[in-house]
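Visitor: Counted the way the numbering used here counts, the sequence shown spans residues 87 to 588.
Hints listed in this document are in silico derivations from the structure and should not be mistaken for laboratory results. Any given hint might turn out to be false.
Said to hold, decoys possible - List time: in silico BS3-like cross-link candidates among lysine-lysine, alpha-carbon distance up to 27 Å:
#, residue 1, residue 2
1, Lys265, Lys311
2, Lys188, Lys535
3, Lys556, Lys535
4, Lys507, Lys488
5, Lys158, Lys522
6, Lys488, Lys162
7, Lys320, Lys522
8, Lys349, Lys507
9, Lys311, Lys295
10, Lys162, Lys247
11, Lys265, Lys295
12, Lys158, Lys247
13, Lys507, Lys522
14, Lys265, Lys320
15, Lys247, Lys488
16, Lys320, Lys295
17, Lys158, Lys188
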Amino acid sequence: MSNFKVAFIGAGSIGFTRKLLGDLLSVPEFSQMEVTFTDINEHNLEMVTELCQRDIRENGLAIQIQSTTDRKAALKDAKYVICTIRVGGLEAFATDVDIPLKYGVDQCVGDTLCAGGIMYGQRGIAEMLNICADIREMARPDVTLLNYANPMAMLTWACNKYGGVRTIGLCHGVQHGHKQIADVYGLEREDVDIICAGINHQTWYIQAKHNGQDLTAGLLEAFEKHEDYARTEKVRIDMLRRFGYYSTESNGHLSEYVPWYRKRASEIQDWIDLGSWINGETGGYLRVCTEGRSWFETDFPNWMKDPAMVYAPDRRSDEHGSYIIEGLETGRVYRGHFNVVNRGVISNLPADSIIEAPGYVDRNGISMPLVGDLPLGPAAVCNVSISVQRLAVEAAVHGDDKLLRQAFMMDPLVGAVCNPKEIWQMVDEMLIAGEKWLPQYTAAIAEAKARMAAGNLIPTRANEGAARIKVKTVEEMQLDREAANRNAGESDKGKNRAETTA
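Please build the complete structure, drawing on both the sequences and the hints.
Guide: Okay, structure coming up:
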């Protein structure tokens, strides 16, 4: 039996924390591991602890979760730290979506790139460096930080370069796209062999094979003929058409990372599908997070009445976290896709960038085989985003608002929609709106306030976006509990709980 400690930071992410814990406790050797939960939201922390402790008890295990709002206490002697924070919660998230809309920047998610992702990174990096300081002080010297929080590449970059903690970024986009490729050929995912490489949320399936036969050449035709994906994945299919390779990220996400699909409000509906928020809805993730928070508050007692989660190998999710820890602790080999410092793994992306590529885990650690060059087109798309990420990371670490504004200017969608004066004013507004989460920008925020108060501002306009859907009330959600629970799961989608803030 392995006896080690796992600390969850941002454990108020109810569904995701529960899923990751269940994954870990489905490994027989982990039945005696130590578990600590920490979150600044005491109410959420109480709910997730109560729910997970019930699951543990019903599965016949003796583990007692140590739950505390004292982060340092939670981190004491931890060997693994799992991070799922969202700094600023829904209050800050709303500004990430709504302020850019005034300037014509229409985002579906706003948590990875574009105006929202850049500002989300400014808040997140400041807190992640505090977390890293606590980890260095309290955790074991051989600690590994598994980061699920967005913006994935920016936070993982900052932790590795400035935080002094070995950090691996984790996401599930590769698994989902892998299944889609299998679907369009009528195959099971395990029957399709892939090599996928790039950067988080812009990773490319540069090789796909079935029984040794290449599937890549026929992929465009297969997606165009698929009844569902031809309707829901128009951006991804168009990128496949023009760049030759399929991208990991969902239609809505991908549409806001590049300059072509959301720059004209009149054309956005041509590229999206409103059957699911992730297909391109304006502010879609903000809506489901808002609904999800309200629903968790209302429906939590029913969660406690529902059957407990069953801990079993065949019930594990395909999230990488538990498999990485299993490989490191037991020596079982696991192949996944991990976000790490490049250091030449992808030879035509910068060595200091955070890339997502295939890796192997066993007792020797995480090994990243050499991928070599990405195809030139996909590499070019990634390199544009990496430039934005680098500027945003350095801006956040040093509180340099000039670098921050340059990150906005270099962002593909912001640059396609806004001129420099508009960008400068938008950044002023977003800095002021995020003041309480941006301690590194105190001087810059004071200057921004003075500029905004002086008047002579560029006119903006009230803008609900090209594809906004009304937030449901609790009463409306109660009419279909199954749909509300499904939506709440989307709000927890393997990253973080919206109001969890570290």
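Visitor: Against each hint, give a clear statement of whether it holds in the structure.
Guide: Now for the hints, and whether the structure bears them out:
1. At roughly 16 Å between alpha-carbon atoms, Lys265 and Lys311 fall within 27 Å of each other, so this suggested pair holds.
2. The suggested pairing of Lys188 with Lys535 holds, with an alpha-carbon distance near 18 Å, which does not exceed 27 Å.
3. As the CA atoms of Lys556 and Lys535 are separated by approximately 32 Å, the hinted pair breaks the 27 Å bound.
4. For the given pair, Lys507 sits about 13 Å from Lys488 by alpha-carbon distance, which is consistent with the 27 Å threshold.
5. Of the pairs offered as hints, the one joining Lys158 and Lys522 holds, with about 22 Å between alpha carbons and a cut-off of 27 Å not exceeded.
6. At most 27 Å may separate the alpha-carbon atoms for a hinted pair to count; Lys488 and Lys162 exceed this at roughly 38 Å.
7. Our distance criterion of 27 Å between C-alpha atoms is broken by Lys320 and Lys522, whose separation comes to about 39 Å.
8. Restraint check for Lys349 and Lys507: satisfied, since their Cα atoms lie roughly 17 Å apart, inside the 27 Å limit.
9. Taking the CA atoms of Lys311 and Lys295, the gap is near 19 Å; set against the 27 Å cutoff, the hint holds.
10. Simply put, Lys162 and Lys247 have alpha-carbon atoms about 23 Å apart, close enough for the 27 Å limit, and the pair holds.
11. The straight-line distance between the Cα atoms of Lys265 and Lys295 is roughly 13 Å, inside the 27 Å bound, and the hint therefore holds.
12. For the proposed pair Lys158 and Lys247, the alpha carbon gap of about 22 Å is at most 27 Å, so the pair holds.
13. Simply put, Lys507 and Lys522 have alpha-carbon atoms about 25 Å apart, close enough for the 27 Å limit, and the pair holds.
14. In summary, the hint linking Lys265 to Lys320 is supported, as the alpha carbons are separated by about 17 Å, within the 27 Å threshold.
15. Annotation: proposed proximity of Lys247 to Lys488 holds, straight-line Cα distance about 21 Å (limit 27 Å).
16. Our distance criterion of 27 Å between C-alpha atoms is met by Lys320 and Lys295, whose separation comes to about 23 Å.
17. This hinted pair does not check out: Lys158 and Lys188 have alpha carbons roughly 40 Å apart, beyond 27 Å.
Hints 3, 6, 7 and 17, counting from the list given before, are not met by this structure.
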